[in-house]
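Residue numbers (our numbering), protein chains in the order written: chain D, 1 to 601; chain B, 1 to 601.
Be careful, since some hints might not be right.
[Stated by the list, open to error] DSS-like, lysine-lysine: derived pairs with alpha carbons at most 30 Å apart:
1. B/Lys-500 to D/Lys-578
2. D/Lys-61 to B/Lys-70
3. D/Lys-223 to D/Lys-462
4. D/Lys-462 to D/Lys-500
5. B/Lys-465 to B/Lys-336
6. D/Lys-61 to B/Lys-578
7. B/Lys-70 to B/Lys-22
8. D/Lys-61 to D/Lys-145
9. D/Lys-578 to B/Lys-145
10. B/Lys-223 to B/Lys-145
11. D/Lys-462 to D/Lys-375
12. B/Lys-331 to D/Lys-500
13. B/Lys-473 to B/Lys-578
14. D/Lys-576 to B/Lys-178
15. D/Lys-576 to B/Lys-576
16. D/Lys-223 to B/Lys-336
17. D/Lys-61 to D/Lys-181
18. B/Lys-546 to B/Lys-473
19. D/Lys-34 to D/Lys-500
20. B/Lys-375 to B/Lys-462
21. D/Lys-465 to D/Lys-495
22. B/Lys-576 to D/Lys-500
23. B/Lys-78 to D/Lys-336
24. B/Lys-500 to D/Lys-576
25. B/Lys-78 to D/Lys-61
26. D/Lys-70 to D/Lys-34
27. B/Lys-500 to B/Lys-22
28. B/Lys-495 to B/Lys-465
29. D/Lys-465 to D/Lys-336
30. B/Lys-462 to B/Lys-500
31. D/Lys-495 to B/Lys-578
32. D/Lys-465 to B/Lys-178
33. B/Lys-495 to B/Lys-34
34. B/Lys-331 to D/Lys-462
35. D/Lys-331 to B/Lys-500
36. B/Lys-578 to D/Lys-578
37. B/Lys-465 to D/Lys-331
38. D/Lys-336 to B/Lys-546
39. B/Lys-578 to D/Lys-576
40. B/Lys-181 to D/Lys-181
Worth flagging that the hints you see were computed from the coordinates, not collected in a lab.
2 protein chains.
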Amino acid sequence: MTNIISRRDIDFLLYEFLDVEKLCERDYFSEHDKDIFSPMLDTAEQIANDHFVTCAESGDKNMAELIDGKVEMAEGSKAAMDNLCEAGFIAASLDNEYGGLQLPSTVSNACMSFFQAANVGLCGLPMLTIGVANLINVYGDEEQKTNFLPRLLTGHFYGTMCLSEPHAGSALTDIRTKAEKQDDGNYSISGNKMWITGGEHELNDNIVHLVLAKIPGGPAGVKGISLFIVPRYRLNEDGSIGEDNDVALAGLNHKMGQRITPNCLLNFGENKQCTGYLVGEPHRGLEYMFHMMNEARIAVGLAAACCGYAGYLYSLDYARERTQGRAPDNKDPNNKMIPIIQHSDVKRMLLAQKAYSEGSLALCLYASSLVDDEKTHPDASAREDAHLLLDLLIPVVKAWPSEWCLEANKHAIQILGGYGYTQDYPVERLYRDNRLNMIHEGTNGIHGIDLLGRKVLINDGKGLKLFIAEIDKTIADASNEESLAEYVTSLIESKDIVIKTTEALVAAVAASGSNVFLANSSTYFDMFSNLVIAWLWLKQADVATKSMTNAYEADQSFYHGKIQACQYFFRFDLPKIKTQAELLCSLDTTCLDMPEEAFAC
Amino acid sequence: MTNIISRRDIDFLLYEFLDVEKLCERDYFSEHDKDIFSPMLDTAEQIANDHFVTCAESGDKNMAELIDGKVEMAEGSKAAMDNLCEAGFIAASLDNEYGGLQLPSTVSNACMSFFQAANVGLCGLPMLTIGVANLINVYGDEEQKTNFLPRLLTGHFYGTMCLSEPHAGSALTDIRTKAEKQDDGNYSISGNKMWITGGEHELNDNIVHLVLAKIPGGPAGVKGISLFIVPRYRLNEDGSIGEDNDVALAGLNHKMGQRITPNCLLNFGENKQCTGYLVGEPHRGLEYMFHMMNEARIAVGLAAACCGYAGYLYSLDYARERTQGRAPDNKDPNNKMIPIIQHSDVKRMLLAQKAYSEGSLALCLYASSLVDDEKTHPDASAREDAHLLLDLLIPVVKAWPSEWCLEANKHAIQILGGYGYTQDYPVERLYRDNRLNMIHEGTNGIHGIDLLGRKVLINDGKGLKLFIAEIDKTIADASNEESLAEYVTSLIESKDIVIKTTEALVAAVAASGSNVFLANSSTYFDMFSNLVIAWLWLKQADVATKSMTNAYEADQSFYHGKIQACQYFFRFDLPKIKTQAELLCSLDTTCLDMPEEAFAC
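Start from the sequences, fold in the hints, and give me the full structure.
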């Protein structure tokens with residue numbers, strides 16, 4: 001099997017770092033235990049290797065294309081998706097009632113990591129289908145659930161999210177798609193939707209589009225947006241596939257990466273024959289969508305983490321095999337060349353990849369455990385806390401992996417040198433695939449604004465306080481380990497910096513207004529994320545240190561690697577927090593003040 | 001015309017920043033003046049627009065392929081190259097004697113910047129041809145010069161550099177290609193060479209390969225490497241094209257970017273019929289090659305700078321046109337959407353691109369002016385100083401633009417959002433094209449080792465002293481401008497940090513050996529480069545400030561932009577120098593100590 005994600009690391013994160021078995025004490029998960037989780041993980045790894053890895057390269061070279069009026073995907077795509085669905089990975093985290101397996105999100109996302117690492121482009125389909133199923137499960141009416149949920153969960157239908165329009169990407173306020181009420185109570189949908197992953201294909205029976213649209217006469221802006229289920233084919237009374245619902249493919253986007261799955265421009269209702277079914281109440285569409293968005297954003301963070309992880313492991317294997325040059329203190333050309341993993345600068349690029357990709361995976365699975373907590377924690381206030389903490393962290397979960405695991409992929413190419421720049425090795429594809437993750441589900445810039453402008457402020461900063469309390473717990477635990485003292489001290493110092501900087505910025509809103517407050521939100525994001533990732537690394541290093549003593553030799557190496565990656569992050573990355581905080585506290589207006597006409601003549 | 005490089009900026013750099021007209025006072029350049037430079041620049045911009053921009057996209061989509069036994073390049077490639085050659089841009093900086101125009105390198109590289117920005121992949125051909133012509137001009141014998149130089153300068157022959165082999169990329173010590181002396185005094189060449197840009201094509205009459213090979217019985221390692229001219233077709237006595245010289249195309253590399261020009265694996269002497277002509281003396285090949293390498297490395301830095309620059313200007317235009325969202329303090333959806341250039345975070349991404357790409361262009365043209373000085377300065381010690389300073393800076397010139405203008409290209413994609421990720425816009429191609437520049441002409445990691453391990457040490461650190469003296473000049477000049485006081489102070493502080501860190505590291509060699517000394521050479525590179533780029537930005541801001549008072553309105557905006565970009569670099573990037581220095585002074589061994597087996601299990 002190709003080593004795309006370290007199974008040892010997955011087990012470490014699930015059972016040692018997050019103690020996922022404890023979830024089985026809760027009613028909702030009471031039918032599960034490690035004996036169920038482990039075979040699920042085995043199956044995911046196996047299917048990922050047998051079916052997802054195998055069509056990743058061909059899917060990149062033969063991107064989805066319109067052939068004889070049908071969108072054709074690369075050979076193997078259908079078999080891969082069928083296997084994933086049949087093994088229950090769409091249904092994994094959904095309620096039993098409509099066919100779900102009621103697995104913890106933490107575990108289902110750990111399973112998903114193998115598919116993401118194997119073929120991130122194809123994973124757009126399950127990601128969106130799970131999201132659509134989740135949303136219908138929570139907000140749909142009984143008829144909608146009965147009609148769509150079971151077939152989404154078995155993969156007979158796939159889902160899409162139709163938010164953006166050609167002129168409105170980040171700013172949904174300005175969407176123009178219309179939903180006009182008909183005599184039968186349903187709506188006639190008309191408008192153009194852009195960037196629709198899986199918007200048309202022939203892999204299965206039907207496609208369920210979730211469409212944001214405005215009902216004429218509603219409030220202006222986001223408060224007038226409603227949400228509709230718009231199937232590609234209508235359903236007959238008996239639930240069988242009925243006639244075409246007037247959703248037309250207007251074009252395919254030819255992307256830099258993630259090319260295996262079609263990305264579409266769709267025209268709804270060109271012939272005024274497109275029926276949409278309102279979800280919940282009118283004008284509350286964005287609220288529903290955003291409620292489910294946290295999980296979609298974890299999926300994007302996870303996708304980025306897994307692209308980074310797959311590149312890390314590939315370049316690691318390469319570095320162990322490829323010989324080149326000699327050590328600085330032993331350059332005699334009569335000596336043998338050494339494997340490049342022995343060069344310190346190659347180790348640097350491997351350690352950076354390890355710190356970023358394993359750190360990102362830890363972040364995404366931790367966030368998934370918050371999803372489990374907000375849904376199933378026996379204590380109501382703990383559920384609310386988990387929700388608040390997740391809300392605070394979600395910009396980091398989505399955006400940090402997409403930035404730094406892209407950097408990891410850059411390093412993977414560099415380790416392979418010229419070979420890494422060719423299509424004969426997967427690392428350049430991973431780099432291209434991963435570049436999308438900074439853009440979709442909210443650009444990283446938007447997440448910076450969301451973090452500083454909304455998330456740290458809600459409930460008088462309660463999310464931030466909860467986060468600090470989590471850090472303090474880790475500090476208390478790690479303080480018992482003398483070998484971690486350096487990191488404990490750094491984390492305390494960094495935490496204080498972030499708190500003080502946040503206070504300084506919040507105080508500035510009153511004095512200087514929101515434009516100045518938000519002018520450097522990306523730098524705030526960088527500073528805040530540094531703290532989050534450092535915390536997760538200390539937490540991992542603490543678990544590793546405590547487990548080291550009684551571990552077998554191979555496990556000792558594994559734990560040693562965790563501790564060294566923690567050291568790398570604390571020494572090479574975390575210190576940036578100081579200069580970032582200085583810039584923020586100065587309320588710098590370099591960017592804000594730049595006159596448009598001064599950019600270039 | 002497409003705005004790919006700001007002509008105003010080129011004029012600023014040449015005439016205001018580097019005062020290139022002063023060079024015309026030297027004998028070597030006495031036939032030139034601004035009235036010759038400016039039309040050359042006009043012509044370059046025109047040809048770049050008419051012929052290089054136009055085949056950039058098609059050359060990317062239809063990469064060089066073997067068709068019926070011949071390597072075919074995209075339509076338009078030949079016309080583009082013919083135009084470039086006929087207008088004299090290969091001959092530009094070479095001596096009159098063999099048909100050169102004897103232009104300053106500073107000016108010829110400024111001309112080249114338009115071609116690089118328009119179509120960096122195709123520019124591999126002129127870059128290498130200029131390099132080969134330069135080398136033959138300096139080290140070739142009369143017969144070699146007569147046979148090859150005039151036809152290289154007119155573009156009837158193109159050149160290649162054949163250094164790497166499949167098993168030996170960075171470590172030329174270990175090349176295996178053999179050169180066996182024949183009775184006629186020439187050599188029989190046999191071996192495989194990898195990554196040969198322009199290694200085979202049908203654009204013109206002949207290809208002149210410069211090949212590194214070992215003469216059996218010579219010293220081991222790099223001291224046994226000799227340099228040979230190996231034409232694709234031999235020349236008859238009368239100079240006409242003769243028979244095939246047994247250089248066989250063994251394969252084409254399919255790259256992530258720079259796809260228009262073929263990149264080849266070549267087999268030399270499969271039939272023992274490959275003749276090579278020794279350049280200079282045996283066993284001195286690497287020395288010759290490295291003597292010319294500085295100019296090749298400026299070309300790579302320039303290529304990276306221009307990819308960054310083209311992406312910057314494209315995303316700038318886009319940001320001015322595209323409307324989306326509203327300002328944080330004015331979010332009423334009934335108001336009009338604003339052009340995204342008005343969002344502070346978009347300005348940040350534009351300013352970063354401006355700081356990196358204009359900073360890189362300034363760096364490359366400054367380095368070119370050192371080439372002019374080492375060759376033509378009337379004072380012998382000034383020539384030597386220029387040579388030393390260039391030697392010191394060349395790792396930065398090659399590697400910094402390739403890292404940070406790639407980052408610029410990442411920002412350009414981000415500004416275009418989903419659109420930037422599609423092949424309908426050039427920014428994703430620029431990102432892919434630019435990724436090569438971190439790898440070829442020495443990987444960036446190797447340049448970090450070269451900088452710290454060799455360049456700062458040669459002649460007892462004289463190069464470093466010369467560099468510090470240049471910084472001090474700029475500090476003295478800028479100290480007269482009150483508005484620059486902040487940057488003057490920062491630059492003094494940063495300079496002192498770099499000096500002290502360098503001293504601490506050099507002292508450590510004795511104590512801890514070269515492995516520890518070089519363990520964090522990439523971080524040393526980052527720190528040192530930060531100082532170089534900050535210095536060049538202050539130098540630009542100083543010129544801009546001094547010219548501001550009497551400038552027209554449009555020029556005032558231009559100068560304002562330079563000063564704001566300086567501010568951006570000093571506030572957002574330069575401060576990193578402090579944490580980089582701390583890590584270096586601690587002689588950190590995180591990377592060095594990482595055991596191989598601890599990376600992943």
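#### Entry: Agreement of D/Lys-465 and D/Lys-495 with the hint, judged by alpha carbon distance not exceeding 30 Å
holds, 11 Å
### Task
Please work out if D/Lys-34 and D/Lys-500 have their alpha carbons no farther apart than 30 Å.
violated, 43 Å
### Message
Does B/Lys-578 sit within 30 Å of B/Lys-473, going by the straight-line distance between their CA atoms?
### Response
Within the cut-off at roughly 23 Å; holds.
### Message
Against the 30 Å threshold, does the CA-CA distance of B/Lys-465 and B/Lys-336 hold or violate the hint?
### Response
violated, 56 Å
### Distance restraint between D/Lys-465 and B/Lys-178, which requires alpha-carbon spacing of 30 Å or less
violated, 69 Å
### Query
Does the structure keep D/Lys-70 and D/Lys-34 at a Cα separation of 30 Å or less?
Since the Cα atoms of D/Lys-70 and D/Lys-34 sit roughly 44 Å apart, the hinted pair is violated (cutoff 30 Å).
### Query
D/Lys-61 and B/Lys-578: Cα distance at most 30 Å?
Roughly 45 Å between the alpha carbons, so the hint for D/Lys-61 and B/Lys-578 is violated.
### Query
Straight-line Cα separation of D/Lys-61 and D/Lys-145 no greater than 30 Å?
With a Cα-Cα distance of about 38 Å, the restraint between D/Lys-61 and D/Lys-145 is violated, given a limit of 30 Å.
### D/Lys-576 paired with B/Lys-178 [C-alpha distance capped at 30 Å]
Violated, at roughly 50 Å.
### Task
Quickly compare the C-alpha distance for B/Lys-70 and B/Lys-22 to 30 Å and report which way the hint goes.
violated, 48 Å
### Pairwise hint evaluation, B/Lys-546 against D/Lys-336, where the allowed Cα distance is 30 Å at most
violated, 58 Å
### Task
Given the hint that B/Lys-546 pairs with B/Lys-473, test it: the Cα-Cα distance must not exceed 30 Å.
holds, 15 Å
The structure fails to meet hints 5, 6, 7, 8, 9, 14, 17, 19, 23, 26, 27, 29, 32, 33, 38 and 40 from the earlier list, while all remaining hints are met.
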